[in-house]
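Enquirer: Single-letter residue listing:
There are 2 protein chains.
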Amino acid sequence: MSSTEPSNQSFELMAAKSRPKSDVPDASDRVSRIREGVTAAILEHRLLPGTKLGEDEIGEIYGASRTLVRTALQQLAHEGIVNIEKNRGAFVARPTPADAREVFEARRLIELTIVDHAVDAVSPVWINRLQQHLAEEREAEQRGDARASVRLSGEFHRLIAEMSGHSIYLGFLKELIARSSLIILLYRRHDTPACGTDHHAGIVTAIRKRDNQTARAQMLSHLNEIEAELFLKDPAADELRLADVLGA
Amino acid sequence: MSSTEPSNQSFELMAAKSRPKSDVPDASDRVSRIREGVTAAILEHRLLPGTKLGEDEIGEIYGASRTLVRTALQQLAHEGIVNIEKNRGAFVARPTPADAREVFEARRLIELTIVDHAVDAVSPVWINRLQQHLAEEREAEQRGDARASVRLSGEFHRLIAEMSGHSIYLGFLKELIARSSLIILLYRRHDTPACGTDHHAGIVTAIRKRDNQTARAQMLSHLNEIEAELFLKDPAADELRLADVLGA
DNA sequence: TGGGCGTAGATTGTATAAAGTTTCGCCTGT
DNA sequence: ACAGGCGAAACTTTATACAATCTACGCCCA
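Chains A and B, in that order, give the protein sequences.
Residue numbering for the first sequence is 1 to 248, as defined by the numbering used here.
Residue numbering for the second sequence is 249 to 496, as defined by the numbering used here.
I should point out that these hints are in silico values taken from the structure, not numbers from a laboratory.
There may be inaccurate statements among the hints.
Stated by the list, open to error - Residues of chain B clear of chain A, computed beta-carbon distances all greater than 12 angstroms:
| no. | residue |
| --- | --- |
| 1 | L301 |
| 2 | E305 |
| 3 | E308 |
| 4 | Q322 |
| 5 | A346 |
| 6 | R355 |
| 7 | H365 |
| 8 | I375 |
| 9 | R377 |
| 10 | G392 |
| 11 | G413 |
| 12 | H414 |
| 13 | R427 |
| 14 | L433 |
| 15 | G450 |
| 16 | E475 |
Claimed, not checked - Partner residues aside, some chain B positions facing chain A, computed with beta carbon under 10 angstroms:
| no. | residue |
| --- | --- |
| 17 | I309 |
| 18 | S313 |
| 19 | T315 |
| 20 | Q323 |
| 21 | H326 |
| 22 | L424 |
Said to hold, decoys possible - The calculated lysine-lysine pairs, modelled on PhoX-like cross-linking and capped at a C-alpha distance of 25 angstroms, are:
| no. | chain 1 | residue 1 | chain 2 | residue 2 |
| --- | --- | --- | --- | --- |
| 23 | B | K481 | B | K457 |
| 24 | A | K86 | A | K52 |
| 25 | B | K422 | A | K174 |
| 26 | B | K457 | B | K300 |
| 27 | A | K209 | A | K52 |
| 28 | A | K174 | B | K300 |
| 29 | B | K334 | A | K86 |
The beta-carbon is built from N, C-alpha and C at its ideal position, and this holds for glycine as well.
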């Protein structure tokens with residue numbers, strides 16, 4: 001369970017195992033399919049905050065009944081990237097600036113600790129996987145594929161969390177990364193240069209050298225830089241301000 | 249949203265608002281009712297790890313259809329206190345010693361930070377509420393009410409998290425507290441003296457004095473003491489060892 | 001007598017239908 | 001012309017029925 005090698009995910013194993021004879025190939029876990037599809041869309045900035053996620057609509061896309069769609073949406077709501085309003089439906093979450101500050105504070109706290117564990121767990125296999133990931137990031141960046149860049153940038157942090165072997169931190173960080181993606185989409189300043197890949201490379205180097213202090217420092221400055229690129233004033237839409245001032 | 253006063257929870261407001269005419273008094277949110285009922289049972293050590301949570305069974309208890317029960321169980325599974333096995337059903341989670349170590353490490357990390365925020369947010373209203381809670385704890389302890397003691401002990405930590413005004417830490421800590429309850433139930437050494445109330449009082453005193461360092465130190469030693477009372481060797485049941493060795 | 005196989009019962013997974021709520025358009029009255 | 005209210009459509013929520021799967025008991029055979 002706390003395997004530190006970059007092994008296959010457990011749910012993949014379970015999926016393969018529990019597919020005995022059904023003629024539908026994806027019968028393993030269709031709700032996971034939906035959840036990961038929507039999550040990927042959010043991480044790649046294809047789904048914008050506030051977008052309505054109708055049950056029929058999604059169900060038709062994935063060929064699933066609303067029962068399955070509903071469970072997937074509830075899981076996403078628990079992860080904080082979807083808001084479910086009673087009798088209204090599910091919407092892509094719209095984090096407030098206050099949420100954004102909380103998310104980044106939590107990321108600093110958790111990811112600095114994760115980096116420590118990652119340094120302890122360093123191995124050739126992991127270094128290999130990290131550098132392979134860096135290559136993917138660079139390639140997407142050169143290709144100008146913004147969507148892939150955003151997604152890979154988040155996956156880098158998740159990779160280090162997996163490397164730490166700390167499943168609780170990993171779960172927490174998954175949530176924080178997904179919310180960060182929404183936050184960046186909402187509040188990033190207009191002209192943002194290619195972010196992160198160099199920082200990521202520096203973090204990997206420090207981890208490879210088992211340089212605890214440098215790795216932490218690099219991660220901290222990386223997160224701070226991301227947050228510094230944000231403009232955390234009241235959201236652009238005026239309705240939001242109204243909702244904040246009057247309602248909750 | 250980030251109100252630092254001990255106000256009512258937002259969902260309670262929503263519940264009250266969306267109860268216009270229904271003749272059923274508990275119409276607010278029956279799935280929450282189920283979820284909180286089961287959670288309370290776990291926190292009070294009435295439900296033991298491994299207990300089967302049949303859908304029909306729970307549905308009959310709460311007078312709800314399986315649809316709602318299923319929703320509640322899925323939420324609990326996401327919080328890590330219930331395991332759902334495909335085509336087998338839901339069971340109260342049985343944390344491994346490795347899980348226990350992760351939970352307490354995460355609690356140390358998060359609760360030390362939460363205490364800092366709580367010191368910043370100190371106010372007469374909050375001090376009042378904390379001391380009122382301490383009184384409840386002492387009373388339950390004198391009364392010899394073990395179940396109430398366990399529950400209140402967890403609620404103390406949640407209270408400080410609410411005081412910090414950091415909703416993300418609060419959500420994380422809720423999960424960790426619930427899992428801690430299961431861990432303590434599974435791994436606590438036989439003879440355990442009345443735990444915690446004195447520590448809790450010390451923490452409140454330090455917070456009241458805005459003594460940052462002392463508050464952190466008290467919280468740290470408190471958590472360490474709880475973990476020290478645990479015997480984190482392989483679980484009593486041998487099947488568990490088998491499952492760990494062979495399966496995952 | 002012990003083990004393997006098959007069927008029956010029970011339980012969960014999924015889909016569909018009924019019920020309740022919200023929203024939007026239209027119509028009427030001023 | 002505009003404000004307010006009524007009504008229908010769309011959607012979510014909840015319940016129920018059906019299908020798939022697992023567990024357990026009993027029978028048969030070696």
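Enquirer: Each of the hints needs a verdict: does it hold here or not?
Expert: Status of the hints after comparison with the structure:
| no. | hint | result |
| --- | --- | --- |
| 1 | L301 | holds, 17 angstroms |
| 2 | E305 | holds, 21 angstroms |
| 3 | E308 | holds, 22 angstroms |
| 4 | Q322 | violated, 6 angstroms |
| 5 | A346 | violated, 5 angstroms |
| 6 | R355 | violated, 10 angstroms |
| 7 | H365 | violated, 9 angstroms |
| 8 | I375 | holds, 24 angstroms |
| 9 | R377 | holds, 21 angstroms |
| 10 | G392 | holds, 34 angstroms |
| 11 | G413 | violated, 9 angstroms |
| 12 | H414 | violated, 6 angstroms |
| 13 | R427 | violated, 9 angstroms |
| 14 | L433 | holds, 19 angstroms |
| 15 | G450 | holds, 24 angstroms |
| 16 | E475 | holds, 15 angstroms |
| 17 | I309 | violated, 22 angstroms |
| 18 | S313 | violated, 13 angstroms |
| 19 | T315 | holds, 9 angstroms |
| 20 | Q323 | holds, 6 angstroms |
| 21 | H326 | holds, 5 angstroms |
| 22 | L424 | holds, 8 angstroms |
| 23 | K481(B) / K457(B) | violated, 40 angstroms |
| 24 | K86(A) / K52(A) | holds, 13 angstroms |
| 25 | K422(B) / K174(A) | holds, 17 angstroms |
| 26 | K457(B) / K300(B) | violated, 47 angstroms |
| 27 | K209(A) / K52(A) | violated, 47 angstroms |
| 28 | K174(A) / K300(B) | violated, 29 angstroms |
| 29 | K334(B) / K86(A) | violated, 29 angstroms |
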